[in-house]
Every structure is written in C-alpha cells, then in structure tokens.
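First to last, the protein sequences are chains V and C.
Under my numbering, the very last position in the first sequence is 178; numbers go up by exactly one each time.
Under my numbering, the very last position in the second sequence is 178; numbers go up by exactly one each time.
Hints may contain errors.
[What the hints assert, rightly or not] Cross-link-like lysine-lysine pairs, in silico, DSS-like; alpha carbons within 27 Å at most:
1. V:Lys41 - C:Lys13
2. C:Lys67 - C:Lys6
3. V:Lys32 - C:Lys153
[What the hints assert, rightly or not] Chain C stretches covered by chain V per the calculated footprint, using a threshold of three residues with CB under 8 Å from any CB of chain V:
4. 22 to 34
5. 153 to 160
[As the list claims (entries may be wrong)] Here's a subset of chain C near chain V, in silico, CB distances under 7 Å, partners left out:
6. Val37
7. Phe92
8. Glu117
9. Glu138
10. Ile142
The hints are simulated quantities; they were obtained by calculation from the structure and are not laboratory data.
We treat Cβ as the ideally placed atom computed from N, Cα and C, and that holds for glycine.
Protein chains: 2
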Amino acid sequence: MIVEEKKISSEEKYNGYIVHVFKDEVSLNGKKAFREVVRHKGAAAVLAVNENKEGFFVEQFRYPVGKPLFEVAAGKIDPGEEPIVCAKRELFEECGISAEKWTELGPMYSSPGFCDEVIHLFLAEGLSESEPDPDEDEFLDIKKIPLPEVLEKIRKGEIPDAKTQILVLRVCDLLGIK
Amino acid sequence: MIVEEKKISSEEKYNGYIVHVFKDEVSLNGKKAFREVVRHKGAAAVLAVNENKEGFFVEQFRYPVGKPLFEVAAGKIDPGEEPIVCAKRELFEECGISAEKWTELGPMYSSPGFCDEVIHLFLAEGLSESEPDPDEDEFLDIKKIPLPEVLEKIRKGEIPDAKTQILVLRVCDLLGIK
Chain V
1 MIVEEKKISS EEKYNGYIVH VFKDEVSLNG KKAFREVVRH KGAAAVLAVN
51 ENKEGFFVEQ FRYPVGKPLF EVAAGKIDPG EEPIVCAKRE LFEECGISAE
101 KWTELGPMYS SPGFCDEVIH LFLAEGLSES EPDPDEDEFL DIKKIPLPEV
151 LEKIRKGEIP DAKTQILVLR VCDLLGIK
Chain C
1 MIVEEKKISS EEKYNGYIVH VFKDEVSLNG KKAFREVVRH KGAAAVLAVN
51 ENKEGFFVEQ FRYPVGKPLF EVAAGKIDPG EEPIVCAKRE LFEECGISAE
101 KWTELGPMYS SPGFCDEVIH LFLAEGLSES EPDPDEDEFL DIKKIPLPEV
151 LEKIRKGEIP DAKTQILVLR VCDLLGIK
C-alpha cells in the first residue's frame, strides 16, 4: 500500500550554496515520522555523439568521493534556466561543443530517498567543436571515446557515475550501438 | 587537466540519521575553494528477475520528490554490513524474495558532485517467493512486470529513478532482452 507523506513541520538544518538541508516531520497513515531532505536546484547532463559514434566525456576530480571520475558533461541549472539551455551551456563550457540536434531523454532522480535532485538528460548530435570555456575552479580533461568502448566499460562496472551509465546505455540503445 | 583537491579544513553542518553534511575548505592548484559534501553510509539495490523474464519492483511515496516512484528493491547498508548481505536483506524485506543466483553489477555514484553515496547494484535470479517483511514506516506496493515493458517505459523517459534505470538497462543488455 502506497501512503502519501504529508509535511507537519520543517526545520532548516543547513542552507548552503549547492544544498539546502531540512529535517521535516511528516504524517503517514496516522503516524508521525522524520524525513531528512537534501534540496538541490537540479542539473542537466548531455552525451554528445559525433558522426563516428564517438562520445565526448570529461574526467575531473570529485572531492566527495576522493578521486577523478569519468562523466558526461553536466552542471547545475541556473535560477530560472530551462534544462535544455543549461545542457547547451555546460556542453559548450566543458567541451567547447555546440550541437545542431538535441534529443530529450527525460529526467533522472539521483537519490530520491533523501534528495530531490533531478538531472535532465540529453543526447546531442550534429556537433561543432571549438575551444572549451570551463569555470574558473573547474579542472577537467576532455575525452573523445568510441561509444562501444564506453559501453563495454559500463558492462564491467568500471564507470560508476549514475548519469553517465544511464546516458551511455540509453544512447547506445537508441542508436543501435552494441 | 585533472587537479586533486585536498582538504584544508572541514566544518560539520548537520549530523542526521541518514546524511552527514560538511562544508570543507580545499586547495586546488594552489587556490582555495569550498566544497559542500553530503556523506551517506551507502546502499544496495537489486533487480530480481524470474524465469519468465519478469522483474520485481516496488512503488512507494518518496517524500523529497513529493510523489510515488517506481523502483527496484533497495536500502541503506547497516554499519559493517557487506553490500551483498544488504541486497539480500532488502529484497527479502521489501518483496519477500530469496534468490539462488546473485550477479554483482558494480557500484553507482548517485551524485558525486556533492554526495559520496555509492549504491551497489545486483541482479538476482533463481527466485523463491514468500511474504514480505517491510520496515514499520515503509509502505510500498510490489509490482511484477515483464522486463520488455519496463525497458519501453525507460526509453520513453517514464521511470526517473537512477538506480532503476541503470539496473533495468544493464540487466536487459546482459540477458539479451530488447
């Protein structure tokens, strides 16, 4: 049985630049419980694929997990920004790529048990390359890799980032790459 | 260029039951920056598939996103618990299912830009069904659905949960389900 949880009260625990953390009291089925919620402004992620079926990726140090990760281009949505505008901006800033053809692949909730972050997923094709323009505190390597190679790494469990796994798997499915 | 970020100092912002939130000062390339980090104990998620290629899923209200979501069985790792033990426990508690054959599909970082949560992914086959034993404040519906149907929903962007998208896509790829 699915029971809707209704907010009784909300206590702000931390108001940061990226996350806004609350401890809410909720009612469910006549009982009370607490829910910790990390609120996030949302993000967009994009897999850019060229005519040779190569994908563009970035590798960057991720402080929370203490190591560099292999990921698709992605970033936080600015206030009032449309997800597709964010995806275009991030692909250009991180990889220096513009794209003619954009396909929306729907939303992804990264961890809906405690966090409301939604990442809007896109495929970009018809690419034009120029010089990337990363944020001042963003250090990353751009990687252009054949999608079958990346798919094989995902099958082996070697690419842990969630949005990257989903985008590569869905784009390979869509484009018939095995 | 990938630059390792080293901790200079760490300020605890919230120590909850599920999340532990910090604002750390880091050095990168001789400069200083702040990183907000949500620390989480980790989780395991499992897609159970029977001999008819039906998958077992749960639907439950997710307070952070304000609606019910369609997901694979999953849950937080208890202190000192092995991921596979957690996966077996959660599949039994949520769906009443035990499985003979377990396949490890590797880790998933849900949102490594600000959170260290890792979800360990598993495929379970050779199923035995009994009565589920959910946590006291866990209300959910169990759904047994043919995997090709779920795959089609994912292609349409209708299943937003990240771990569920990844497990269905990877298991369908592994089992040759189209």
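So, going through the hints one by one against the coordinates:
no. : hint               : in the structure
1   : V:Lys41 - C:Lys13  : holds (19 Å)
2   : C:Lys67 - C:Lys6   : violated (39 Å)
3   : V:Lys32 - C:Lys153 : violated (34 Å)
4   : 22 to 34           : holds (count 8)
5   : 153 to 160         : holds (count 6)
6   : Val37              : holds (5 Å)
7   : Phe92              : violated (19 Å)
8   : Glu117             : holds (6 Å)
9   : Glu138             : violated (10 Å)
10  : Ile142             : violated (10 Å)
The earlier numbered hints that this structure contradicts are 2, 3, 7, 9, 10.
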